[in-house]
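The first sequence maps to residues 360 to 1004 in my numbering.
Treat each hint with caution, since some may be false.
Straight-line distance between alpha carbons at most 35 Å, and here's what the computed DSBU-like set of lysine-lysine pairs gives [to be verified]:
| no. | residue 1 | residue 2 |
| --- | --- | --- |
| 1 | 800 | 781 |
| 2 | 473 | 638 |
| 3 | 650 | 638 |
| 4 | 816 | 805 |
I should point out that these hints are in silico values taken from the structure, not numbers from a laboratory.
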Amino acid sequence: MLQDKRNLVAGVLRRGLSDVFGLDHDPVVEVPPQRRLGDLASPCALHLARELRQAPRAIAERLLEAVDPPAGFNRITVEGPGYLNFHLDRTGFAAAMIDAVPVARSATVDSRAKVIVEHTNINPNKAAHIGHLRNAVLGDVLARALRRLGQTTEVQNYIDDTGVQVADVVVGFLDLRGCSVADIEALPEPFDYVCWDIYSEVGRWYDGDPQRLELRRRTLHALETGEGRRAEAGRLVARRIVVRHLATMARIDIDYDLLTRESEILRLDFFVAAFEQLKETGAVRFEESGKNAGCWVMPLADSEEFQGLEDPDKVIVRSDGTVTYVGKDIAYQLWKFGLLGRDFEYARFEGALPWETAPSETDAGADDGDRFGEGSRVINVIDARQAYLQRIVRAGLEALGHQDEARDSIHFAYEMVALSAKTAERLGFSGDARLEMSGRKGIGVKADDLLDQLEAKSRDEILERRGDDGNDEAGEDVDLLARQIAVAALRFFMARATTTRVIAFDIDDATSFEGESGPYLQYSIVRARNIRRRLREEGLAQEVPGSRVAGLPAGVWSDDLWDLVLFASQCQEVVERAAATLELSLIARHAVDLAQKFHAIYHRHPILHEQDADLRDARLAVTQVFERSLEALAAILGVPLPERM
RNA sequence: GCGCCCGUAGCUCAGCUGGAUAGAGCGACGGCCUCCGGAGCCGUAGGUCAGGGGUUCGAAUCCCUUCGGGCGCACCA
């Protein structure tokens, strides 16, 4: 909503600057810090003071003479050191906000182009931990934001089912514990928790006798060829773990369009196709001698951005003929853009949603019309520690001559989640600083454990409140509500952190339902809905139409009421900026600031007991605007909004 | 050694392309339920924006530098 007004203001200022000073200047338009100062402001007079050799205020005064308020504005004032401040017609703007869509299709989005978002990507060999949750929540919020803005979006979750991590767990079952494949199959849930322990156990077992690493190598090779007992065990482990990961993510409303399995990349010789291209273009070369003798490497020494590396070459094919992760990822990235020249086969995972890459059974999936891949932009949500590898993948595309696709290969980097010193200590890990999680060492907080804890706490809080008024709800209602509150708490906690900052995960902080939290958002909306419910019970109109708002006298809009309307009108541009910059915390922050403004107004401006009809309707209008705006932001954040708490 | 990220209130963090008195949550202290639910609101205390230079009418914000802390720089992913 506000973006249109910004453009109007910029337009009249640009014309004014041209008419009065003969300047071609693109004026900055911002929202001033206080409502009494106005609603949009430009510091252009300050910016031009030097060039024009005049005092900023004098420039502003002259512009004021030459410029008329654009449509929807009442007046223009000069404030402070020389700001030109534009004051909106509050009644007209508020009436328009009643009927506006808070976050709509973006004019900047090309709906024919598809964006592929890859996220989660957890190695299928152990339970998900809270670090994985950060990845999944960021990826999911990004996908929701893009879709809300009208962007065709495909979410992929990469399953490395042929890697070292799966191999280690297979060794753990077969060699360390002496299990058969049938034994693994018979293990009860939670299977991912069993693997969590085995994985760290195997690490210690290797340390006990380095000879045992030969078992890892043998298993890894079996996983790649897909043949034999070890491969069978690997498939079983990966499949059972993926089922668990999907269940964990489903608890917080995260799902996927496609699971891409590395084993299929191997089976279908994706790398062979990519390798041909790499060889043809000279992007890789065979090393006859030296440190990397017998390997195919991608030379990086000539590249500006890889200066200062210890080794200026990156191994793509090892001397034993196996392919490194980077090699496979280049092939995968090429496929995402439709540049590989071949495609996966598809089937429903476990016979249900989502799709996975798999040998197609008969002609299943041929008639669904779904087409995966062929994105025009690819966003990989991967933690910042892998920035170097992502740059190499991009360099691979460049070397193949795909400059545009290299530019549109975006690494959405975020910092890791570590444990706060206090939380680490509570879990039995000593330390005086924050502690990095490690699946290999078994250090971390499992996602399901955190969710269980959040749900238990939610239930306690609900029952405590229900007990007071004696109105017990049905038990299953409490369960649903407890889940919703837990989801809100977790998702908001992950989404509110800026991507460049390491999260020091503190259990008390993460499970707080006060202040800047998911439940705080929920409570604000519950209050708004309570008001409307009470109005209905009193036989009063629970909604006020835009036409009625348009007739309200200007005096009803006190600065605080008006401030919320103006703030709500910025939802669209906040979401657009968040999607464009990949700084999703902007959305979380806007949501919590909006809720804060509403909570404050709630206490100052009663609706039900207000006798003045104009005042009452103005307040109700603000409540409506608030409700619809927060609903839109919460939907993007994946925060469910209950009717009552 | 090279590269990336961080250093703002006791703690956890916001501060957008430089601009109007440096903000919020938690914690501390003090208030607010005859009035739409106190998972809330209002107020008080608390900051040489790590240090030092520079650019500018103006710097938490941009540049340089120093000092702390984190993470990368594999024939692991």
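The hints, checked one at a time:
Among the hinted pairs, residue 800 with residue 781 is consistent with the structure: their alpha-carbon atoms are about 19 Å apart, no more than 35 Å. Distance hint between residue 473 and residue 638 is fulfilled; the C-alpha atoms sit about 29 Å from each other, no more than 35 Å. Restraint check: the Cα-Cα separation between residue 650 and residue 638 comes to about 21 Å, which is no more than 35 Å; the hinted pair holds. Our distance criterion of 35 Å between C-alpha atoms is met by residue 816 and residue 805, whose separation comes to about 17 Å.
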